[in-house]
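**Q** Sequence:
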Amino acid sequence: MTRLRLAVSGAGRAFERLYLPAIATSPDFDLVGVADPRLERFAVVPGSAARAGSAAELLERTKPDALMVLSPPERHAADAIAGMDRTVPVLVEKPMCQTEAEVEALRGAGAERLLTPAFTRRYWPVYRAIAARGPAWDIAIRLRSDPAAWEAVDAASGPLDDLAPHVIDLARYLSGSPIGEVLAERHAGGVALAFWMESGAAARIILEWPGEYREAIRADGKARRAGPPSAAASLLRRVARRPDPPVAAIGHMLADWARHLRGDLTVALPAFEDGAAAVATVQRIRERLG
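Okay, so the sequence shown: first residue is 0 according to numbering that gives the first Met the number 0, each after it adds one.
Each hint should be verified, as a subset may be incorrect.
[To be verified] Label-pair ranges, simulated between beta-carbon atoms:
#, residue 1, residue 2, range
1, D84, D137, 37 to 47 Å
2, A128, S198, 17 to 27 Å
3, A139, P26, 29 to 39 Å
Since the hints were derived computationally from the structure, they do not count as laboratory data. Predicted model only: the values in this text are computed from it and were never measured. Using N, Cα and C, we set each Cβ at its ideal position, and we do this for glycine too.
Turn these sequences into a full structure, and let the hints steer you where they fit.
**A** Printed below as a string of structure tokens:
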């Protein structure tokens, strides 16, 4: 089977630590080029890949089959539109974009047909196992993160930009329902959220920022740890030479995206409207917080 030519816009830490390892082991994609305005970031780019200063330049030089957008959030919409204007399908890291005006610009460029938001947590085993049981009615998620520990290349502006898109999509994915009502209040070290889903389900979420990474979920009374993995699990993974769980999840997502790009419309990928719903919900949260 012919491998798909993949271009990437953005060579930040997510590309370096998560996406590049997944692309390198993918049987479906060849990395043909990377765009980033910061020349020092090309140090992490494989020598066989073309380099460019912008997504538009990269698209013209490489003529890829697909574009992955990992640039800073303020460039997501423009980079995605650059691809879609050339009828190139795009996969966009969260947040899909930053404003509802950008959502409409994406829609006008063909996003309903060409854009896939990269909600990678849908591919984590803990969340897939919950989803496999059917729609959850009572969801509680606690997520804490620290961009300094991640050594982020791009400045992160807070939990609503970095963490909220994840949990908004998880609430929708695990409940199988759109979000109805939104409650939000500032919490010591972060934000406390409550979503009342249109189905009648409820999701309660604590986002903590910054702090040592922790992630846990309780769904319909059953508690599960999502991360970080235990020391024993990490050791077994290294011995077995298996990828880190987030990298493995991206690998599964890339496999599904490749099937979709080749015409398999039965693949259950996140849709453009899922990304649009996350952007709209973040805006509602900002309004509640004042």
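**Q** Hints first: check each against the structure and report whether it holds.
**A** Verification of the hints:
1. D84 / D137: 37 to 47 Å: 44 Å, holds
2. A128 / S198: 17 to 27 Å: 20 Å, holds
3. A139 / P26: 29 to 39 Å: Given range 29 to 39 Å: holds, Cβ gap about 38 Å.
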